[in-house]
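> Sequence:
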Amino acid sequence: MYLTSKLSNPHYGPETFGKVMIINYSVTLSGLEDQLLNEVVKHERNDLAEQKTLLVEEVSELSGMLKELEDTLLYELANSTGNILDNTELISTLEQTKVKATEISEKLEEAKVTSSEIDVACASYRPVAKRGSILFFVMASLSTLNNMYELSLALYMVVFLHALAKSEPDVILESRLENIIATLTENCYAYTCRSIFETHKLMFSLQMTLQIQEGDGELDRNQLDFFLKGNLSLEKAAEKPPGDWISESGWHDMQRLVTMGDKFVNLLSDIKRAEPEWRAWYDLEVPESAPMPQNYSETLSPLEKMLVLRCFRVDRIFVAITKFVIDTMGEKYVQPPVLNYAEVYEQSTPLVPVIFVLSPGADPASDIFKLANKVGMGGPKMKFMALGQGQGPVAQSMLEMGAQRGHWVMLQNCHLLPNWLKTLEKLLEQLTNPSADFRLWLTTDPTPKFPIGILQRSLKVVTEPPNGLRLNMLASYSKASATA
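End of the sequence shown sits at 486 in the working numbering; the numbers just go up one at a time, nothing left out.
To be clear, the hints were calculated from the coordinates, so they are not data collected in a lab. Take the hints with a grain of salt, since some may be wrong.
[Unchecked claim] Listed below are the simulated DSBU-like cross-link pairs for lysine-lysine, each with C-alpha atoms no more than 35 Å apart in a straight line:
id: 1; residue 1: Lys-325; residue 2: Lys-238
id: 2; residue 1: Lys-385; residue 2: Lys-168
id: 3; residue 1: Lys-114; residue 2: Lys-132
id: 4; residue 1: Lys-114; residue 2: Lys-100
id: 5; residue 1: Lys-274; residue 2: Lys-242
id: 6; residue 1: Lys-231; residue 2: Lys-132
id: 7; residue 1: Lys-334; residue 2: Lys-265
id: 8; residue 1: Lys-334; residue 2: Lys-383
id: 9; residue 1: Lys-132; residue 2: Lys-168
id: 10; residue 1: Lys-424; residue 2: Lys-451
id: 11; residue 1: Lys-231; residue 2: Lys-242
id: 12; residue 1: Lys-54; residue 2: Lys-114
id: 13; residue 1: Lys-203; residue 2: Lys-21
id: 14; residue 1: Lys-372; residue 2: Lys-424
id: 15; residue 1: Lys-21; residue 2: Lys-451
id: 16; residue 1: Lys-203; residue 2: Lys-44
id: 17; residue 1: Lys-451; residue 2: Lys-383
id: 18; residue 1: Lys-54; residue 2: Lys-238
id: 19; residue 1: Lys-385; residue 2: Lys-451
id: 20; residue 1: Lys-21; residue 2: Lys-44
id: 21; residue 1: Lys-132; residue 2: Lys-203
id: 22; residue 1: Lys-132; residue 2: Lys-54
id: 23; residue 1: Lys-203; residue 2: Lys-334
id: 24; residue 1: Lys-102; residue 2: Lys-54
id: 25; residue 1: Lys-307; residue 2: Lys-132
id: 26; residue 1: Lys-424; residue 2: Lys-21
id: 27; residue 1: Lys-231; residue 2: Lys-451
id: 28; residue 1: Lys-8; residue 2: Lys-44
id: 29; residue 1: Lys-242; residue 2: Lys-307
id: 30; residue 1: Lys-428; residue 2: Lys-372
id: 31; residue 1: Lys-168; residue 2: Lys-8
id: 32; residue 1: Lys-334; residue 2: Lys-231
id: 33; residue 1: Lys-69; residue 2: Lys-114
id: 34; residue 1: Lys-8; residue 2: Lys-21
[Stated by the list, open to error] Here are the computed distance ranges between Cβ atoms for each label pair:
id: 35; residue 1: Thr-74; residue 2: Leu-429; range: 50 to 58 Å
id: 36; residue 1: Lys-376; residue 2: His-164; range: 17 to 25 Å
id: 37; residue 1: Glu-112; residue 2: Glu-180; range: 30 to 38 Å
id: 38; residue 1: Leu-429; residue 2: Ala-103; range: 53 to 61 Å
id: 39; residue 1: Asn-268; residue 2: Asp-172; range: 45 to 53 Å
id: 40; residue 1: Ser-7; residue 2: Gln-391; range: 29 to 37 Å
The beta-carbon is built from N, C-alpha and C at its ideal position, and this holds for glycine as well.
Could you build the full structure based on these sequences and the hints that come with them?
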């Protein structure tokens with residue numbers, strides 16, 4: 003008996019581990035990188051991909067022939083009678099086998115050389131695959147914050163292949179790779195920001211920036227550990243802070259910071275020697291945007307500047323993280339795109355439902371109705387209902403009819419009927435050939451009871467007011483008609 007789970011990291015008790023064998027089939031960072039590399043090569047250099055496929059088939063066929071010759075030879079030797087030297091038929095078979103085995107071995111060696119040449123050519127596209135693998139794991143890790151953020155590899159592949167198709171072409175390989183990486187990173191950021199709440203967007207930007215730095219070999223894990231945890235030592239500092247404006251916790255953190263490389267080794271003595279300068283910097287309203295005393299701003303990286311700021315002004319870390327992302331990745335990675343319902347429709351398919359995760363005071367129904375009228379799916383082609391007790395069979399009938407006739411079906415308030423959602427999951431799994439016009443729209447409050455099978459196959463859209471005046475203005479302008 004074989005059992006499978008859609009959970010990426012399921013927890014089982016000791017009694018379960020003692021009775022069954024558990025195999026982890028989760029994709030790894032390097033494994034996904036190789037998988038994405040094949041997709042990139044197939045898109046960019048299909049000739050190489052086809053040549054490699056043919057080569058694999060040829061090597062497999064030759065290896066099979068060689069094994070068959072060896073088996074035939076062993077069978078002849080085992081069943082021969084009398085003196086082997088007098089058996090002319092056996093000697094002839096041996097000679098033929100030797101000649102064929104030599105020819106096959108030579109072909110296998112040639113294939114090995116050709117395969118190495120193809121691998122070298124394909125390896126030039128590895129930076130794209132590496133970035134794609136990093137971004138997937140950053141996006142997938144968000145499910146630890148909220149179960150509604152579940153992401154499947156199949157959905158991510160749609161985003162990845164879309165970036166390959168939409169990135170700007172260039173005859174120079176290095177420029178082409180840069181264009182693909184930039185487009186892929188932007189698309190993944192926009193895709194993820196559309197499906198997470200405002201409170202998690204800056205966290206996602208920071209995590210993406212740090213993981214990309216780590217992939218490029220630019221991240222010091224010890225520095226990141228200090229930034230997140232500070233000084234965990236229970237031993238108190240031998241000396242007191244040089245000024246009462248430095249907090250005890252900040253001074254305690256500095257004791258560890260000075261041990262983290264040559265750039266910080268003289269920090270304590272520099273603060274004591276230039277205490278008025280540091281005090282003036284500390285008193286600034288936005289110290290993260292001002293140069294640090296004694297030319298520290300010129301020698302420290304953006305992350306190292308945050309380590310120093312953490313010791314003085316913890317209250318400015320949130321703003322400093324925003325500045326860190328801007329300095330490292332660009333301003334567009336702290337400015338989430340405005341929700342565009344037309345883009346959501348373009349990315350949806352008859353087999354990929356759209357889930358609107360509701361927030362207080364938000365209702366996407368009117369925007370969906372406007373979109374339906376715009377694309378010619380309004381009126382009788384738009385079916386909708388609010389779920390509630392006893393509405394499951396009606397919703398099922400509406401879904402099956404919509405898939406057959408090409409309607410849009412909107413099921414509202416799915417969180418009010420959590421038991422029926424398991425039935426909906428099975429219906430979607432059985433849906434294999436719906437009409438090309440069919441779309442399924444679901445609205446729900448965040449709930450841990452939402453089936454993971456639906457979440458992993460759906461586009462998620464969080465309907466939440468934008469954060470800040472600028473993003474609110476952009477959202478308002480995006481909804482204004484051209485004739486208004």
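> Next step is simple, just say for each hint if it's right about the structure.
Verification of the hints:
1. Lys-325 to Lys-238: Holds - the C-alpha atoms of Lys-238 and Lys-325 are around 32 Å apart, at most 35 Å.
2. Lys-385 to Lys-168: Roughly 33 Å separates the two Cα atoms, so the pair holds.
3. Lys-114 to Lys-132: holds, 25 Å
4. Lys-114 to Lys-100: holds, 21 Å
5. Lys-274 to Lys-242: holds, 11 Å
6. Lys-231 to Lys-132: holds, 29 Å
7. Lys-334 to Lys-265: holds, 30 Å
8. Lys-334 to Lys-383: violated, 38 Å
9. Lys-132 to Lys-168: holds, 19 Å
10. Lys-424 to Lys-451: Roughly 10 Å separates the two Cα atoms, so the pair holds.
11. Lys-231 to Lys-242: The given pair, whose Cα atoms are some 22 Å apart, holds under the 35 Å limit.
12. Lys-54 to Lys-114: holds, 11 Å
13. Lys-203 to Lys-21: violated, 42 Å
14. Lys-372 to Lys-424: holds, 30 Å
15. Lys-21 to Lys-451: holds, 28 Å
16. Lys-203 to Lys-44: holds, 33 Å
17. Lys-451 to Lys-383: Distance of about 30 Å is within 35 Å: holds.
18. Lys-54 to Lys-238: Violated, at roughly 62 Å.
19. Lys-385 to Lys-451: holds, 25 Å
20. Lys-21 to Lys-44: violated, 43 Å
21. Lys-132 to Lys-203: Given pair Lys-132, Lys-203 holds - Cα atoms ~23 Å apart, limit 35 Å.
22. Lys-132 to Lys-54: At roughly 21 Å apart (the allowed maximum being 35 Å), Lys-54 and Lys-132 satisfy the hint.
23. Lys-203 to Lys-334: Cα-Cα ~12 Å, so holds.
24. Lys-102 to Lys-54: holds, 24 Å
25. Lys-307 to Lys-132: holds, 28 Å
26. Lys-424 to Lys-21: holds, 28 Å
27. Lys-231 to Lys-451: holds, 33 Å
28. Lys-8 to Lys-44: holds, 29 Å
29. Lys-242 to Lys-307: Holds, at roughly 23 Å.
30. Lys-428 to Lys-372: holds, 30 Å
31. Lys-168 to Lys-8: Given that 35 Å is the threshold and the Cα spacing comes to 31 Å, the pair holds.
32. Lys-334 to Lys-231: Holds. Lys-334 to Lys-231 sits at ~28 Å (cutoff 35 Å).
33. Lys-69 to Lys-114: holds, 18 Å
34. Lys-8 to Lys-21: Judged against 35 Å, a Cα distance of about 20 Å means the pair holds.
35. Thr-74 to Leu-429: 50 to 58 Å: holds, 55 Å
36. Lys-376 to His-164: 17 to 25 Å: Holds, at about 22 Å.
37. Glu-112 to Glu-180: 30 to 38 Å: holds, 36 Å
38. Leu-429 to Ala-103: 53 to 61 Å: Given a distance of about 57 Å, which is inside 53 to 61 Å, the answer is holds.
39. Asn-268 to Asp-172: 45 to 53 Å: holds, 47 Å
40. Ser-7 to Gln-391: 29 to 37 Å: holds, 30 Å
Of the hints listed earlier, those the structure fails to meet are numbers 8, 13, 18 and 20, in rising order.
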